[in-house]
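Asker: Here are the chains, one letter per residue:
Protein chains: 2
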Amino acid sequence: MIETPYLLFLGDAPDPLAAKVAQGIKDWRPENCVGQFRMEGCRADMKLPDMTLEEAKAAGAKTLVIGVANRGGKISAAWKEVLMAALDQGFDLASGLHNLLRNEKDLRDKAAETGRTLHDVRIPEVEYPIANGEKRRGKRVLAVGTDCSIGKMYTALALDRDMKAAGMKSSFRATGQTGILITGEGVPLDAVVADFMAGSVEWLTPDNDDDHWDVIEGQGSLFHVSYSGVTLALIHGGQPDALILCHEPTRTHMRGLPGYALPSLEALRDMALELARVPNPNCQVVGVSVNTAALGDSEAEAYLRQVEDRMGLPAVDPYRHGTAPIVEALRAM
Amino acid sequence: MIETPYLLFLGDAPDPLAAKVAQGIKDWRPENCVGQFRMEGCRADMKLPDMTLEEAKAAGAKTLVIGVANRGGKISAAWKEVLMAALDQGFDLASGLHNLLRNEKDLRDKAAETGRTLHDVRIPEVEYPIANGEKRRGKRVLAVGTDCSIGKMYTALALDRDMKAAGMKSSFRATGQTGILITGEGVPLDAVVADFMAGSVEWLTPDNDDDHWDVIEGQGSLFHVSYSGVTLALIHGGQPDALILCHEPTRTHMRGLPGYALPSLEALRDMALELARVPNPNCQVVGVSVNTAALGDSEAEAYLRQVEDRMGLPAVDPYRHGTAPIVEALRAM
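Taken in sequence, the protein lines are chains A and B. First residue of the first sequence: 3, per this note's numbering; consecutive thereafter. First residue of the second sequence: 3, per this note's numbering; consecutive thereafter.
Hints are computed from structural coordinates only; laboratory data are not their basis. Hints are supplied without guarantee of correctness; some may be wrong.
[Said to hold, decoys possible] Between beta-carbon pairs, the in silico distance windows are: (1) B:Asn210 - A:Gly261: 14 to 22 Å; (2) B:Asp311 - A:Leu275: 46 to 54 Å; (3) A:Thr252 - B:Asp311: 43 to 51 Å.
Quick caveat, the model's predicted, so the values are computed rather than measured. Backbone N, C-alpha and C define an ideal beta-carbon position, used for all residues, glycine too.
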C-alpha cells in the first residue's frame, strides 16, 4: 500500500506521452495529487501546482511518484539528486520503472537510513496463496479484450467512476503497474509466479458486501498467445459475475503478433463466458466497450449501434460517452 | 542441464512412495542411473546396485540426485553429511525439494569451493523470452487433462518411449520438477513469472526436423481454477499439432477443489482445441489416455471401449496397454 497523497515527479519528460503514468493518476485520482515536480526541460504538464519538495511536504504529500518513463532505461544523475533529496525530506518513493529503485545502492542506503519505503510496483511484495476456488461474497466485474492494450484499464476505471457516481459501492482493483500507482495498491500480475497467479487475484478481490462490486483491471487476452495464461488466471481467480468485452475496431493484427488476427467479439464472448462459468456458473456478459478513438463521431456512433444489434448488448466508448448503459446492466444483476 | 549419469540418493526414505522421484528416473531413464545410495533405515529400493560415493564415482556417476522427499521440510544433518561428502568427491547435486540446496550456506560454500553445481530444479535458471508466436518447424504433441495429477506426465513419457520404439524421432519435454530430474533438463513452468510462461514453452520446444515430435509434459488443467493459466500458456507457447486428452474416471471432484466437478472429455476436447487453434489452426485431438488404476481389467476394457465409441478416438491406459494406437495416429499426421 502506497501512502497518499502524492507529489507527481515528471522529471525531464521529453513529451506528454512520456508522462502517461502521471496523467493516469491525475485523471483518475486527482484527490491523490497535491502537485507536480518538474525539472528543467520538462515538456509534460498535469495542470497541477508546480511544487518544490518542501512545498509538497507542507501540503501533506507522503510519496513522490515517478510518473514518467526514463530514457535509456537508466535512472539519471539528475533524477537521482531529486530522489535522494525526497527521501531526506521524508517522502516514500514509488515507481513502475523496469529498473528498480531497490537496485540503486544509494537509494537503498538512503531509504534504510531515513526509514522510508521504496515501492517498486513491478515486483510483488506479498506472498500470494494458491487459489482455493472458494466462492466469495460480493460481486465482481472483469474487462476482457479481443487483444492486449485495447482499453481494459480505462474501461474499468471509467466503470468504477460511473458506478460510484450512480451511488453504487465499487472498488477498482489494479492488476498492472499504472493501475497500482493510480490507486496505491494492487497486484502486479504479470510479475507473479505462475502457480500463484489465480491466488493473487483471489487475494485482491476478497469477501465483501453483497452489493459491493470489485471492478477488476484486465490483462492480456485469451487469444494473445504471449499473455493468455495471465488472462485465464484473472478469469478463474476473479470468479467474475459479469464480463465486459473490450475491442478496438481498426486494429489489423494482435499486438506484437503479425499474422495473428483478432478474434470476433462473438468468439471472445463464448470463450470467456465458458471459462468464467467454471468458478461462477451465473457469470454473464453485460456489455461491450469499444475504443473508437480512430473513428469520427458518426462512424463511432454507427459502429456502436451495429455492435449492439449484433450482440444484443449495450456498447459504449467509455471515453466518448461514459459507461452508463453498462452500469445499469450491472445494477440490474 | 544436469550432467548424467546419476547416483540416486534415497536417504532414509520411510516407504517406497517417498522415493517416487527416484522411481520415475529408474523407470523412464534407467540408462541414467549407475546405482543407488541408501542410508540406515531406508525402506525404498530401486533394484539398482547399492553404492558408496566412491564406487559411484568410479562407475562414472556425475550427479547425486535427491530422489526422495524429506521429512518436515528440512534437510537433516544426516543427509547433509552425505551431500557435503558428495560435493567433496566431485559430484554435482540435483534436487526438486521445496527447500533449496542453494539456501543451505554450508552446501553453497562447499559447492563454490569445489567448483560443483547445485541444481534446484524448482527454480528457473534461464531468462526466458516473451512468446513471439512464430510458427516453428517440427511437430509437437501435448497432453491436457480434465484435472491436475491425472497422468499427463506418465502419458507423455510412455508416448515418447513408444514413438522411439516405433522408429519415430521424439523428445520428451519436461515442464515439472520430476520430469526435469528424469531427463536432466526442462522448464519448471509453475515457477516461471507470468509474463514469460508461454515464452519458456517456446524456448523448450524450438525449431526441429519436420518429422521430429516434441512430446510436451502437460501441467494443470484448463478447468482447474488454481492452475489453468499455466495450462493455457502451455497450449499457446507449445503450439501443438496434436492433443491427447487425459482422464481418471473415478475422481469425484477437481483435485483440491471440493465442489468443482470434472469437465467431460467432450468439454475438454472442445475448449482445448479451440484455444490450440489460435497458434496452430491444424491442431487435432488424436487420442484419450485414461488412468484406469482404480478399475478391474474387464471394467477398464469396457470403459476404454465406451470412450472410443463416444469420442471416435483411440483410448488407452498407457500403463496397462502402452500407447500404440495413439502413436499410429501421430504417425499418420
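Asker: Any hints this thing doesn't respect? Which numbers, in order?
Answerer: Violated hint (a single one): 2; every other hint is consistent with the structure.
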